[in-house]
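Could you build the full structure based on these sequences and the hints that come with them?
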Amino acid sequence: MFEFRKVRCSSYLKKVNDGRCLECDEKYGFIEEVRYIGEGDDVPDKCECIGALEFLKTYYKRVDAQFEGMFVGTKTVVVDAYLWGDIDYQPDGSERICIGRHINTRIECGVVYYANNRKRYVPLVDIETL
Numbered sequence: 027m028f029e030f031r032k033v034r035c036s037s038y039l040k041k042v043n044d045g046r047c048l049e050c051d052e053k054y055g056f057i058e059e060v061r062y063i064g065e066g067d068d069v070p071d072k073c074e075c076i077g078a079l080e081f082l083k084t085y086y087k088r089v090d091a092q093f094e095g096m097f098v099g100t101k102t103v104v105v106d107a108y109l110w111g112d113i114d115y116q117p118d119g120s121e122r123i124c125i126g127r128h129i130n131t132r133i134e135c136g137v138v139y140y141a142n143n144r145k146r147y148v149p150l151v152d153i154e155t156l
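The sequence shown maps to residues 27 to 156 in our numbering.
Bear in mind the hints are in silico, worked out from the structure with no lab data behind them.
You may find that some hints are simply not true.
Taking lysine-lysine pairs in the DSSO-like style, the calculated list, with each CA pair at most 27 Å apart, reads [stated by the list, open to error]:
#1 Lys40 - Lys83
#2 Lys145 - Lys32
#3 Lys32 - Lys101
#4 Lys40 - Lys101
#5 Lys87 - Lys145
#6 Lys101 - Lys87
#7 Lys32 - Lys87
#8 Lys40 - Lys145
#9 Lys32 - Lys83
#10 Lys101 - Lys53
#11 Lys41 - Lys101
Right, dumping it as structure tokens:
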């Protein structure tokens with residue numbers, strides 16, 4: 027693609043620390059309870075562990091900025107995902123709580139170094155070669 031070429035970028039993805047996560051209580055190496063942690067009106071009060079996709083965590087947000095840098099490769103970046111907890115039934119009849127994430131949005135990005143040891147993930151649609 028544009029490997030090791032100078033490029034001009036019009037936006038990039040910035041990491042978001044929104045404080046949303048799943049908190050697990052473990053006992054004897056197994057998860058006993060799962061709780062949603064975070065702020066906002068859409069944070070559920072409790073986790074019913076039914077596999078519902080109701081807790082959206084945002085990992086990156088788009089920031090408009092003009093800059094130039096060196097394109098070194100591509101990466102698929104997960105922008106946001108639903109976190110979930112569910113009950114898994116074992117072959118011996120026991121139950122186990124499992125947690126995971128279901129990816130909602132992903133963007134193909136270029137890895138652009140704009141300064142010494144500084145990189146940004148830039149959506150490919152916002153990159154032009156010089």
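Tested hints:
A threshold of 27 Å between alpha carbons decides the hint, and for Lys40 with Lys83 the separation of about 14 Å falls inside it, so the pair holds. Proximity of Lys145 to Lys32 is assessed by CA-CA distance (about 13 Å); at most 27 Å being required, the pair is judged to hold. Taking the CA atoms of Lys32 and Lys101, the gap is near 18 Å; set against the 27 Å cutoff, the hint holds. Of the supplied pair hints, the one linking Lys40 and Lys101 holds, its CA atoms being roughly 14 Å apart against a limit of 27 Å.
Taken as a hint, the Lys87 and Lys145 pair is honoured in the structure, with Cα atoms around 16 Å apart against an allowance of 27 Å. With a CA separation close to 16 Å, the supplied pair Lys101 and Lys87 stays within the 27 Å bound. Between Lys32 and Lys87, the direct Cα distance comes to roughly 24 Å. Compliance with the 27 Å bound is thereby established for this hinted pair. Distance hint between Lys40 and Lys145 is fulfilled; the C-alpha atoms sit about 11 Å from each other, no more than 27 Å.
Taken as a hint, the Lys32 and Lys83 pair is broken in the structure, with Cα atoms around 33 Å apart against an allowance of 27 Å. Between the alpha carbons of Lys101 and Lys53 the distance comes to roughly 37 Å, so the proposed pair goes past 27 Å and is violated. Taking the CA atoms of Lys41 and Lys101, the gap is near 15 Å; set against the 27 Å cutoff, the hint holds.
Hint check: violations occur at hints 9 and 10; the rest are consistent with the structure.
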